[in-house]
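*Asks:* With the hints as your guide, set chain B onto chain A.
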Amino acid sequence: MSGVAVHLNGLRRTFGTVHALDNLDLSIEPGEFVALLGPSGCGKTTALRVLAGLEDADSGQVLVGGRDVTALPANRRDMGMVFQAYSLFPHLTAQANVSFGLSLRGRSKSSARAREMLELVGIGAFADRYPHQLSGGQQQRVALARALAIEPSVLLLDEPLSALDAKVRVQLRDEIRRIQTEVGTTTLFVTHDQEEALAVADRVGVMRAGKLEQLAAPADIYLTPATPFVAEFVGLSNRLPGTVTGNEVEVLGTRLPLLSPASQASVTALVRPESVQVTPEADGDGRVLTTSFLGPISKVTIAVGDVLVVAQVATDRLASLTPGTPVRVTLRPVPVALA
Amino acid sequence: MAGVIARRARKQRVFRWAVLTVLGVFFLLPLVAMVEFSTRDATTWPALVDWPELSERYPALAEGITASLLQAALTALLMLVLLVPTAVWVRLRLPRLRRLVEFLCLLPLTIPAIVLVVGLAPVYAWVTYFLGGSSLTLVFAYTILVLPYAYRAIDAGLSAIDVKTLAEAARSLGAGWGTVMWRVVLPNIRSAVLSAAFLTVALVLGEFTIASLLNRTNLQVAINLLGKSNATMSVAVSLTALLLAFVLLMLLSLLGGRRRTSAVVAPAPLKEPAA
Chain A
12 MSGVAVHLNG
22 LRRTFGTVHA
32 LDNLDLSIEP
42 GEFVALLGPS
52 GCGKTTALRV
62 LAGLEDADSG
72 QVLVGGRDVT
82 ALPANRRDMG
92 MVFQAYSLFP
102 HLTAQANVSF
112 GLSLRGRSKS
122 SARAREMLEL
132 VGIGAFADRY
142 PHQLSGGQQQ
152 RVALARALAI
162 EPSVLLLDEP
172 LSALDAKVRV
182 QLRDEIRRIQ
192 TEVGTTTLFV
202 THDQEEALAV
212 ADRVGVMRAG
222 KLEQLAAPAD
232 IYLTPATPFV
242 AEFVGLSNRL
252 PGTVTGNEVE
262 VLGTRLPLLS
272 PASQASVTAL
282 VRPESVQVTP
292 EADGDGRVLT
302 TSFLGPISKV
312 TIAVGDVLVV
322 AQVATDRLAS
332 LTPGTPVRVT
342 LRPVPVALA
Chain B
325 MAGVIARRAR
335 KQRVFRWAVL
345 TVLGVFFLLP
355 LVAMVEFSTR
365 DATTWPALVD
375 WPELSERYPA
385 LAEGITASLL
395 QAALTALLML
405 VLLVPTAVWV
415 RLRLPRLRRL
425 VEFLCLLPLT
435 IPAIVLVVGL
445 APVYAWVTYF
455 LGGSSLTLVF
465 AYTILVLPYA
475 YRAIDAGLSA
485 IDVKTLAEAA
495 RSLGAGWGTV
505 MWRVVLPNIR
515 SAVLSAAFLT
525 VALVLGEFTI
535 ASLLNRTNLQ
545 VAINLLGKSN
555 ATMSVAVSLT
565 ALLLAFVLLM
575 LLSLLGGRRR
585 TSAVVAPAPL
595 KEPAA
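As they're listed, the protein sequences go chains A and B. Position one of the first sequence corresponds to residue 12 (the working numbering), numbered consecutively onward. Position one of the second sequence corresponds to residue 325 (the working numbering), numbered consecutively onward.
Note that these hints are calculated values from the structure, not bench results. Cβ coordinates follow ideal geometry from the N, Cα and C atoms, glycine included. Heads up, some of the hints might be wrong.
[What the hints assert, rightly or not] Okay, the calculated bits of chain A under chain B, using three or more residues with CB under 8 angstroms as the criterion:
(1) 85 to 94
(2) 100 to 108
[Claimed, not checked] Partner residues are not named here, just some residues of chain A that face chain B (Cβ under 7 angstroms, in silico):
(3) Leu37
(4) Ala63
(5) Leu115
(6) Gly117
(7) Phe304
[What the hints assert, rightly or not] A partial selection of chain B residues facing chain A, derived with a Cβ cut-off under 10 angstroms:
(8) Arg364
(9) Ala366
(10) Thr367
(11) Pro370
(12) Ala494
(13) Leu497
(14) Arg540
Same shape as in the complex, but just chain A (with noise of 0.2 angstroms):
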């Protein structure tokens, strides 16, 4: 690993009225892979380009390897960076566009590096094409090649995927992740796609109202979130009722475990639609209202007196789950937060 650490402390950035940034801490280890999540407006793109130096804060420090660059302006920080809008240089080559920032480092044989990073992204054939003649995939990867081959410190992303189609979103996605691991680069990487965060990151900052929710690993935000509204906003889950007794709740029936504390007795468990076991019985107290195909798994919709309970079961036990069914719900005990 040759990236850097970064550390940004106590950023605190106001627009008008809203705070994007509030008293923000982030801390990224070297050669570290680190996905930011969030709504949109919730401060994790202002926290990209403060740390880009694109955005100035109000208040607070930028630490790259140590240094501190919170007054260096964008040109001096030494970040690659990919930007959501396609922002290849019109006017030049995908090469020239990746040889520019060498050209500007008086790097000699830059153009040996360029096709070297344009063969590392896959696009090593199409060198000498301009950017209105690639599609926007292909754009996002010479973005990326232009971004890399500076040898940044950092390489930030912002939102690279998300003007691009499904199938190409995920196969990038997987690249970048592929070429991040080979080249070793501090990367943060900004999204508002969970999946895309989960997939790729070695942790996951879900931020909110420019705070940091919890910096996890992918497994430990989805299974132990920290706080309800990363629950919820991770993964899709039921809002059941339930009553807590001692360090335990009792929902549908079920006692499960509670990941922190209640202050109340009568609560709102979040429940994740694959911990709800669903069997056909004929005095069962549920009903299958819908089913809905999604591939190899399926998601049926239980009506459990008045409330609505969300299930993912096998594709193929689709067929004795027929809308109308009479069934029986459980819940695996797993730990679930409340809202």
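*Replies:* Coordinates of chain B only, in the frame set by chain A:
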């Protein structure tokens, strides 16, 4: 049915040609008259293309031509130096001021030249005091005069590209503001800059009111003066100036046409490379 369509097509064709002919006569007749008049004296045109002879026989005209060409070049330069960075900066940093800047730049269009001169006269008293009475000082007034046209052209060019993202991309790659302007923004608004420059040149070459009222000389002032002593030469020079402006505007529309064609070139059907 087919007969009706054929008749209608023929009617339209006749109408089209009639309009073209009337317009052609309207525009071309004065030009033809100018050509006819300016060729009555056989020495006129040869003198016009022979610079040493021209400057000897018509020193005021030669001075006017030189002054106008220099004014045109300097005005175009000053306009670009002032306007391009301002327009880019407003887009990048002060988007809320765009309306105001646009309004200010369009103002000269709504103020008659004569009113402008009344306002400029006291200013030019100072200009004369500091810089002398050279006709090149008109460049300042002309820069204001061409703002509406030049601003429109440059603003249209900037609208066609995502200046903010391009500038930020270049900054993140290590480019200072000078490099951003010179190597990223300018090459991408080249045809807009050329349009603005051509319009400026055409406008300055045709300017009479301000130069005359501020007692400076330029091509039009010289032509006007010459008209009193040698009408043939004055008409010949007018015709040349007209043709020059015409050629400039042709070039401009050619540039515009090329920009449009390059914009509609469809991306080549490429396959996404396999991961």
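*Asks:* Starting from the hint list further up, note which numbers the structure goes against and sort them upward.
*Replies:* Hint check: 3, 6, 7, 8, 9, 10, 11, 14 fail, others pass.
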